[in-house]
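Which chain is which? The protein sequence lines are A and B, in order. With numbering that gives the first Met the number 0 applied, the first sequence corresponds to residues 0 to 253, in that order. With numbering that gives the first Met the number 0 applied, the second sequence corresponds to residues 0 to 256, in that order.
Think of the hints as simulated: they come from the structure by calculation, not from any bench. As the structure is a computational prediction, the values presented were derived from the model and not from experiment.
A few chain B positions that, by computed beta-carbon distances, are all more than 12 Å from chain A:
#1 I7
#2 P56
#3 F80
#4 H81
#5 I151
#6 I201
#7 R231
#8 V238
Each computed DSSO-like pair below joins lysine-lysine, with the alpha-carbon atoms no more than 27 Å apart:
#9 B:K123 - B:K36
#10 B:K123 - A:K82
#11 A:K17 - B:K123
#12 A:K118 - B:K41
Just so it is clear, CB atoms sit at the ideal spot from N, CA and C, and this is done for glycine as well.
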Amino acid sequence: MEEYKFDIEDLHKSFGEKKVLKGVELKVEKGLSVVIVGGSGVGKSVFLKTLIGLIKPDRGKILVEGVDIFSLKDRELNEFRKKFGMCFQEGALFDSMTVFENIAFPLMRHRVMPMERIKERVYECLEIVKLKGVENKFPSQLSGGMRRRVGFARAIALKPEILLFDEPTTGLDPVMTALIAETIKDLMVGDEVTAITITHDLQAASIIADKIAMLFDGKIIFYGSMDDFLKSDHPAVVQFRTSNPKGPWTEEEI
Amino acid sequence: MKVIASKILKDYFYGLLEELGRFFYILYKTFLWSFQKPFDIKNWFKQMVRVGVDSVPVVFLATLFTGAVIALETFEGFRRFHAESYVGSVVSLAMLRELSPVLAALMVTGRVGSAMAAEIGTMKVTEQIDALYALATNPIHYLIVPRVWASIFMLPLLTVLGDLTGIAGGFLVSVYIMDANPVVYEASTFQFLDLEDFFTGIIKAAVFGLILSVVGCMKGFYTDGGAEGVGRATTKAVVMSSLFILLSDFFLTKILF
Chain A
0 MEEYKFDIED LHKSFGEKKV LKGVELKVEK GLSVVIVGGS GVGKSVFLKT
50 LIGLIKPDRG KILVEGVDIF SLKDRELNEF RKKFGMCFQE GALFDSMTVF
100 ENIAFPLMRH RVMPMERIKE RVYECLEIVK LKGVENKFPS QLSGGMRRRV
150 GFARAIALKP EILLFDEPTT GLDPVMTALI AETIKDLMVG DEVTAITITH
200 DLQAASIIAD KIAMLFDGKI IFYGSMDDFL KSDHPAVVQF RTSNPKGPWT
250 EEEI
Chain B
0 MKVIASKILK DYFYGLLEEL GRFFYILYKT FLWSFQKPFD IKNWFKQMVR
50 VGVDSVPVVF LATLFTGAVI ALETFEGFRR FHAESYVGSV VSLAMLRELS
100 PVLAALMVTG RVGSAMAAEI GTMKVTEQID ALYALATNPI HYLIVPRVWA
150 SIFMLPLLTV LGDLTGIAGG FLVSVYIMDA NPVVYEASTF QFLDLEDFFT
200 GIIKAAVFGL ILSVVGCMKG FYTDGGAEGV GRATTKAVVM SSLFILLSDF
250 FLTKILF
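All chains should be modelled from the sequences, with the hints used to inform the complete structure.
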């Protein structure tokens with residue numbers, strides 16, 4: 000039997016009258032980088048947040064390494080989250096702390112190593128995301144791209160097995176987009192780390208993805224390799240690929 | 000018209016229930032997380048400084064002038080039936096049992112309770128709360144527990160300060176403005192005072208500390224709607240804490256005596 004890192008079954012989530020997820024099914028193999036694409040407001044961020052237990056689904060199961068995360072108690076879930084590193088859209092850095100303190104936060108909080116080692120690890124993480132000389136700056140003094148990379152550094156500090164990226168390239172110029180995408184690819188060295196990235200940027204997806212999935216109308220309508228994605232004739236995939244203003248994406252809105 | 004009125008009442012009632020539910024939920028979770036490792040001593044002290052030490056000037060001024068104004072008012076009134084010698088007792092009893100804890104709590108609510116709501120609310124709308132969860136750190140454990148305990152510890156200390164400055168305010172006005180005899184005034188201050196009066200104020204202050212910090216943190220924790228939401232949360236935190244403090248003050252006094 001193949002080992003799945005994530006096994007997501009029949010996931011449903013509504014906010015009031017609005018149904019966002021309508022039965023998402025996805026199995027992610029260990030060591031893969033999976034990119035989930037979809038339009039704005041389709042529920043990608045909601046989906047990503049349910050994976051780490053930040054949002055509770057109305058129905059369905061999320062098994063991470065066979066463990067149903069919603070059956071865990073508060074404290075157990077808290078412990079379980081050490082397996083995860085999550086990178087937020089704008090970095091979500093703690094704005095009252097410096098870059099150094101941000102990255103050192105999980106290390107100090109969980110007391111995994113002595114102070115000298117923490118220092119080394121912080122600089123190691125900054126090097127991995129290709130940042131230098133920013134450790135004493137506050138998040139407000141950094142550019143958008145830098146903030147996101149500091150967010151990456153903080154997420155990988157505890158060496159998690161699972162990385163989740165929420166729209167890592169939104170609002171960045173093409174060069175910075177490529178740089179961020181390359182950085183994500185660098186974080187995937189070895190086959191221990193499994194990553195799920197959500198984006199609506201095909202350029203970034205093509206760099207990051209081992210496999211690509213498409214979320215449309217509350218369901219995963221495509222899951223496969225990038226080549227298959229580029230060949231797919233599913234109308235929603237075709238519309239996304241060709242940036243066509245007419246098609247199933249816009250039908251509901253019009 | 001009747002339908003609209005009943006709908007408004009129903010919404011208001013549900014809103015009230017929701018707020019109460021959130022309050023007790025945060026209180027319960029705070030209690031549970033209080034005994035979990037790691038104990039972030041540094042963070043606890045930081046909060047104690049913010050709640051306690053930084054509030055010293057406002058509590059000092061508020062209680063000094065309140066003690067002074069009570070002396071001024073009662074002196075004038077008591078003179079009419081030749082009871083000036085009891086002014087000291089009135090000031091000290093009023094300060095210790097009632098005014099010092101309530102004033103300290105209201106001052107700290109305005110200064111720190113609102114800041115708690117704004118700080119945690121901003122963290123909520125900028126996903127920093129989610130980031131804490133993602134870093135295997137429960138935000139109630141990391142943010143709320145130290146704030147609540149710091150308030151419970153520091154409010155009684157601020158009250159002791161308020162007791163002293165309030166009595167001092169009364170003394171200064173009576174002796175230097177109203178020409179009371181300092182020795183008589185001092186004797187009158189302690190004439191009817193019991194240790195029980197002192198502890199009533201201290202217990203009240205600890206409860207007020209709990210209320211203002213839990214309400215402030217709760218309002219921040221459930222903030223939504225960006226910058227406007229943070230503003231709303233801050234205002235509501237102050238209004239709700241102040242009301243809770245004044246309402247609970249009555250019931251506490253009734254229970255304690």
